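Trainee: Sequence:
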Amino acid sequence: MFNIATSEEIKNGEITDVYFERTQRILEENNIDKNVRMEVRTKSVPGKGPGVLSGLDEVTQLLEGTSNSVWSIPEGSVFLPYEPVMIIEGQYRDFSPLETPLLGLLCQASGISTKARVVKEAAKDNPVFHFGSRRMHPSIAPMIGRSAYIGGCAGVAVSKTAKQLGLKPVGTIPHALILILEDSTTATGMFEKIFSDEVNTVALVDTFGDEKFEALENADLIEGLNAVRLDTPSSRRGDMKEIAREVRWELDLHGFSDVDIFISGGLDEESIPALNEVADAYGVGTAISNAPVVDFSLDIVEIEGEPVSKRGKKSGAKQLYLCGNCGERLVRTFGETALKCPSCDERAEPIMEKIIENGDVLKEPQTAKKIRDYSISQPFIAEHRA
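Heads up: the sequence shown at position 38 corresponds to 38 in my numbering, and the numbers run straight through without jumps.
For the record, the hints were derived by calculation from the structure and aren't laboratory data.
Do not rely on the hints blindly, as some may be mistaken.
Derived Cβ-Cβ restraints for the label pairs, each shown as a range [said to hold, decoys possible]:
#1 Ala274 to Met1: 44 to 50 Å
#2 Arg311 to Lys369: 42 to 48 Å
#3 Gly224 to Asp299: 54 to 60 Å
#4 Asp299 to Gly266: 35 to 41 Å
#5 Glu21 to Glu242: 56 to 62 Å
#6 Pro174 to Asp33: 56 to 62 Å
#7 Asn30 to Asp360: 27 to 33 Å
#8 Gly335 to Gly166: 35 to 41 Å
#9 Ile381 to Ser7: 35 to 41 Å
#10 Ala274 to Gly209: 22 to 28 Å
#11 Gly266 to Arg332: 43 to 49 Å
#12 Glu21 to Lys314: 24 to 30 Å
Predicted model only: the values in this text are computed from it and were never measured.
Ideal Cβ placement from N, Cα and C applies to all residues, glycine included.
Using the sequences provided together with the hints, build the complete structure.
Mentor: Rendered as structure tokens:
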């Protein structure tokens, strides 16, 4: 048995903090059953930019069949600190055991999507592929890959995840194969012979020899070579940018300008910008898989229709509005259909929409590709504001 919870255990509220169980028991034994509205938001987002909401698909599964109603901004939406991203309405006694799993589903997935978008922005027009599932528990690899894809990664390495997303898995050649075959070109040649009709052929050129010479040798011997991958270990790396420049120069000089350069190994949004002039694609792992979570909280803002909140929180349910003309974002009282934008006098439309009513799902989930397309179409401003 792996140390994981089943879907049934999560939906049944068994994966919850004990004080929610005790709260539920107190309310039940005293026959207290109050209707509440609860708000999901965060005071901060990891990094300098906004966040990207992810995990809504699993939250929908969690709350389907309960007595709760849910309003949410669309999955893949960009959000800022202090903006409401979700409202949940129902009997608190029934809902309380689900708070722990609900926040877990949103916080980690959104953290990964946010980091993926940050890395994508750093890479500019160069595609980023997610290679980081080996850094996390394998049971959540599909969630990690989906979140990375929604955030902007162009593909994922795990076959199961790729299948769920409707993609082809992306991968090159491991050092292990080259070590077993004792030569880079032998490994690349065998790969091309078997897989050239299915995927691009990418040679890994840093196992035994100098990257420049292994790149030229592979380009010369492998007719259908699409790219070379630089994954040089830090103990041998020196200046990766200069290594890549040298490889690019020699490939061009010898007539292989059509062979791309794929860089991987310990990359993040800090190291990528300097490589953009020579790289054609990136493989990013740990930085995305191990992304800081978005620290969402779930707080009561109304009880029996009356605004109420704890200290440090604004009471009353709220809606997020977006002006389609100038992009102004507004947080106002929940329930208004449209507002006049204070910046340009155009209409600001509500973003949050009802997705569950008394446990019934109102909207069919979109494909991950549609969510990703929507997500990356939104401006991702450099600095967030309160």
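Trainee: Evaluate each hint against the coordinates.
Mentor: Results of checking the hints against the structure:
| no. | hint | verdict |
| --- | --- | --- |
| 1 | Ala274 to Met1: 44 to 50 Å | holds (46 Å) |
| 2 | Arg311 to Lys369: 42 to 48 Å | holds (43 Å) |
| 3 | Gly224 to Asp299: 54 to 60 Å | holds (57 Å) |
| 4 | Asp299 to Gly266: 35 to 41 Å | holds (38 Å) |
| 5 | Glu21 to Glu242: 56 to 62 Å | holds (58 Å) |
| 6 | Pro174 to Asp33: 56 to 62 Å | holds (57 Å) |
| 7 | Asn30 to Asp360: 27 to 33 Å | holds (30 Å) |
| 8 | Gly335 to Gly166: 35 to 41 Å | holds (38 Å) |
| 9 | Ile381 to Ser7: 35 to 41 Å | holds (37 Å) |
| 10 | Ala274 to Gly209: 22 to 28 Å | holds (25 Å) |
| 11 | Gly266 to Arg332: 43 to 49 Å | holds (44 Å) |
| 12 | Glu21 to Lys314: 24 to 30 Å | holds (29 Å) |
Hint violations for this structure: none, all hints satisfied.
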